[in-house]
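Peer 1: Chain residues, written in single-letter form:
Number of protein chains: 2
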Amino acid sequence: MAKGNLVVGQGGGPTAVINSSLVGVIHEAMANDIYASLGERGPIGDIYGMVHGVEGFLQGDIIDLRKQSRSALETLRYTPASALGTARYKPSKEEFVKVVEKLKAMKIRYFFYIGGNDSASIVRGVNRAAKELDYNVYAIAVPKTVDNDLVGTDHCPGYGSGARFVAAAIRNTGRDTEAMGKYGPIRLMEIMGRNAGWLTAATALAREEERDAPHLVYVPERPVTVEQVVEDVRRVYEKLGFCVAAISEGTVDPSGRSIGEDIAPKEVDGFGHVRKGGVTPFLSELINAKLGIRARLDNPYYLQRSFVEMASPVDQDEAYRVGRQAVRAALAGAKGVMITLEREAGPEYYCSTGVVDVEKVADQESKMPADMMNEAGNFPTQKFLNYARPLIGGPLPKLARLEMIRV
Amino acid sequence: MAKGNLVVGQGGGPTAVINSSLVGVIHEAMANDIYASLGERGPIGDIYGMVHGVEGFLQGDIIDLRKQSRSALETLRYTPASALGTARYKPSKEEFVKVVEKLKAMKIRYFFYIGGNDSASIVRGVNRAAKELDYNVYAIAVPKTVDNDLVGTDHCPGYGSGARFVAAAIRNTGRDTEAMGKYGPIRLMEIMGRNAGWLTAATALAREEERDAPHLVYVPERPVTVEQVVEDVRRVYEKLGFCVAAISEGTVDPSGRSIGEDIAPKEVDGFGHVRKGGVTPFLSELINAKLGIRARLDNPYYLQRSFVEMASPVDQDEAYRVGRQAVRAALAGAKGVMITLEREAGPEYYCSTGVVDVEKVADQESKMPADMMNEAGNFPTQKFLNYARPLIGGPLPKLARLEMIRV
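Chain order of the listed sequences is R and V. Letter 20 of the first sequence, counting from 1, is numbered 50 in my numbering, and no numbers are missing. Letter 329 of the second sequence, counting from 1, is numbered 359 in my numbering, and no numbers are missing.
Hint data in this document are derived by calculation from the structure and do not stem from the laboratory. The C-beta atom is built at its ideal place from N, Cα and C for all residues, glycine as well. It cannot be assumed that every hint is accurate.
[As the list claims (entries may be wrong)] Anything over 10 Å on all C-beta distances counts as not near chain V; from chain R, calculated:
| no. | residue |
| --- | --- |
| 1 | D94 |
| 2 | E131 |
| 3 | R265 |
| 4 | S288 |
| 5 | N329 |
| 6 | K390 |
| 7 | P427 |
| 8 | K428 |
| 9 | R431 |
[Stated by the list, open to error] SDA-like cross-link-like pairs, simulated, lysine to any residue; straight-line CA separation at most 25 Å:
| no. | chain 1 | residue 1 | chain 2 | residue 2 |
| --- | --- | --- | --- | --- |
| 10 | R | K97 | R | H57 |
| 11 | R | K397 | R | R287 |
| 12 | R | K413 | R | E433 |
| 13 | R | K120 | V | G271 |
| 14 | V | K97 | R | G322 |
| 15 | V | K123 | V | G90 |
| 16 | R | K269 | V | E389 |
| 17 | V | K134 | V | E389 |
| 18 | R | K132 | V | R118 |
| 19 | V | K428 | R | R287 |
| 20 | R | K123 | R | P343 |
| 21 | R | K137 | V | I435 |
| 22 | V | K132 | R | E433 |
| 23 | R | K212 | R | D242 |
| 24 | R | K137 | V | R436 |
| 25 | R | K97 | V | G211 |
| 26 | R | K269 | V | R118 |
| 27 | V | K123 | V | D91 |
Bound conformation, chain R alone (with noise of 0.2 Å):
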């Protein structure tokens, strides 16, 4: 075990559990204390926190993580979005030697980066320049996405809890417009992934009877046509009186065209002014132009990768472990790796946790597979259902309805 310093730092998107990890990786850090206790001191000296990422880092804004109170950590552990704040810089090789050279300078050995893609690819590139330098670190990344779409990883910590409220939110919101009936039948639930539909089909987990929405799920992996969306839509409306839609932001035509973005109104007959800004406002006048019926909208935007309250017990425990772990496995020698979630089988849901070689997974995306979506490509399969139910953490509250006896 290499002596030195340790420094952390959070990228990209944040999540409702990503404070969890950067806990896990604080609390495992300062399990070595046990050390100094000993008379002995441990491999892990200081405890840096980088504030907004390798870009603060480069800058010299940098925090001192030890000396946080204990009682508050164990409450960042259930705080959503990230503490030490994010960045969405990519450093050139120039600063990745920087970086590496502030890393020498500071005495640091153990560099952590919670993120995606992108912070998986600082890992790789940080991982790249210390042996380049020769500088002897240990660069490990510690995964976190609402949007799942890490590749090496059975999931993502932060998927679970974005699943469980896009899950909660499509089903409030299915009652509501179950109950509006005629005043306002229709309605769509934009749901973040640009390329890959996790987060969107999470919310099938929401459906246990015909009624329940949602209806309708359409996911970047499956492109469709408008016209299909729009049949789609009126079959389950003519049969159902009502229907609720989930469609991913990134959802695309067969040309490969992005609704609503790349997709001019002009091109599709018999309607006129749209609004813009994505694929809910354009599907929603199209719906209009063709059935006579204003659909309404939802988009949870911000709130399904922050809403706490809906964290799924499952993922916050699992990224704080994944947190742990990565300090763990830097302990043990691993460098230029990511850590993973690793299914195990068994009736019982249970995640080991693993490691990836990092040059395996910046840059890349994972998508669902085929299988997990039906034929029509209209809704997810039994396959990703058994997939996803656990990560949410449990079944959302019952619930109930009349039962329509005629008098």
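Use these hints to put chain V onto chain R, whose structure you have.
Peer 2: Just chain V, lined up with the frame of chain R:
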């Protein structure tokens, strides 16, 4: 006590607790079944539900509420949206006569309508028509609205749960914005309330420290110039490095024009193309033009009135109680009244129930009094916070921040 059947309906926008009131009516109506077990018939015979309100009732769409499973009713207390289906229908004078004729034909003496201003006007219409036709009906309005805009009551069932949701929503999105830093430092959250700012103001309950969102709150009762909003945002942003504002959908400028709708983009110098669709898209473009920062948007749309997982326990209890009290009031001979909540004096929050003449409630709107907003018109006062805090049913979960101890 007149013997007769009972009918209950739900009107207007659903809430997270409107079914609690429905179950309250059913439970209290069934409570008089004790007479039956004593070999004596109680005053209330059949218990009917109007499907989609008075509109469905006129069309004969009526269900039997005595035949519902007891356990389903128990779950329904905690199920969002209007289980009977809602309506926005305003009957004509002739139709009110038809309603009363139908009540007479079905031997209905007890008429309950759960809803807001429009629902109170339906109870008024039924009450007036019944008098004219000399048919004895106990017509009672049961209050409900997330907007909190009914007169004659301390507050409205539905409001406390909506308030709890929007406070949590802005708190979470506030942490997300703070974490984003320069990658998205300004966020605007649009909240329901066309003419009344009660729900938007409730976001202020989330704020405990200077950095906590919301930093600015705008309501329809306090017109503001768009220039003031931009200047307020600039000031907060310069001080904190980020800014989160809660803005009522019905915010107007001093001339009474709706910001983002009546105020055309071209009237405001220096910026060009604007997305249509309300106050926050408009202000986002304006802030971008004036400050050079694209303000990001949040809009909880239908979630704010349906997100039952965030329902206030105080609100759930009060919604249930006003339902029960409506039946008790009717059995005591009240007619043409709405049940009210009356806050009792004393250190502990408690509301008892009362009644108010529907003639005083129908078509009226309760707005925030002037002393519930600060002088600048950009944040609620302590008086408002004291009023609203007990309604959300306990504090939101505690959050933490790191101490910025620079190294």
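Peer 1: Now, for every hint given, state plainly whether the structure supports it.
Peer 2: A quick look at each hint next to the structure:
{"no.": "1", "hint": "D94", "verdict": "violated, 4 Å"}
{"no.": "2", "hint": "E131", "verdict": "holds, 17 Å"}
{"no.": "3", "hint": "R265", "verdict": "holds, 21 Å"}
{"no.": "4", "hint": "S288", "verdict": "holds, 17 Å"}
{"no.": "5", "hint": "N329", "verdict": "violated, 6 Å"}
{"no.": "6", "hint": "K390", "verdict": "holds, 27 Å"}
{"no.": "7", "hint": "P427", "verdict": "violated, 7 Å"}
{"no.": "8", "hint": "K428", "verdict": "violated, 5 Å"}
{"no.": "9", "hint": "R431", "verdict": "violated, 6 Å"}
{"no.": "10", "hint": "K97/R / H57/R", "verdict": "holds, 12 Å"}
{"no.": "11", "hint": "K397/R / R287/R", "verdict": "holds, 18 Å"}
{"no.": "12", "hint": "K413/R / E433/R", "verdict": "violated, 31 Å"}
{"no.": "13", "hint": "K120/R / G271/V", "verdict": "holds, 22 Å"}
{"no.": "14", "hint": "K97/V / G322/R", "verdict": "violated, 37 Å"}
{"no.": "15", "hint": "K123/V / G90/V", "verdict": "holds, 19 Å"}
{"no.": "16", "hint": "K269/R / E389/V", "verdict": "violated, 41 Å"}
{"no.": "17", "hint": "K134/V / E389/V", "verdict": "holds, 23 Å"}
{"no.": "18", "hint": "K132/R / R118/V", "verdict": "violated, 66 Å"}
{"no.": "19", "hint": "K428/V / R287/R", "verdict": "violated, 44 Å"}
{"no.": "20", "hint": "K123/R / P343/R", "verdict": "violated, 39 Å"}
{"no.": "21", "hint": "K137/R / I435/V", "verdict": "holds, 19 Å"}
{"no.": "22", "hint": "K132/V / E433/R", "verdict": "holds, 23 Å"}
{"no.": "23", "hint": "K212/R / D242/R", "verdict": "holds, 17 Å"}
{"no.": "24", "hint": "K137/R / R436/V", "verdict": "holds, 17 Å"}
{"no.": "25", "hint": "K97/R / G211/V", "verdict": "holds, 23 Å"}
{"no.": "26", "hint": "K269/R / R118/V", "verdict": "holds, 23 Å"}
{"no.": "27", "hint": "K123/V / D91/V", "verdict": "holds, 21 Å"}
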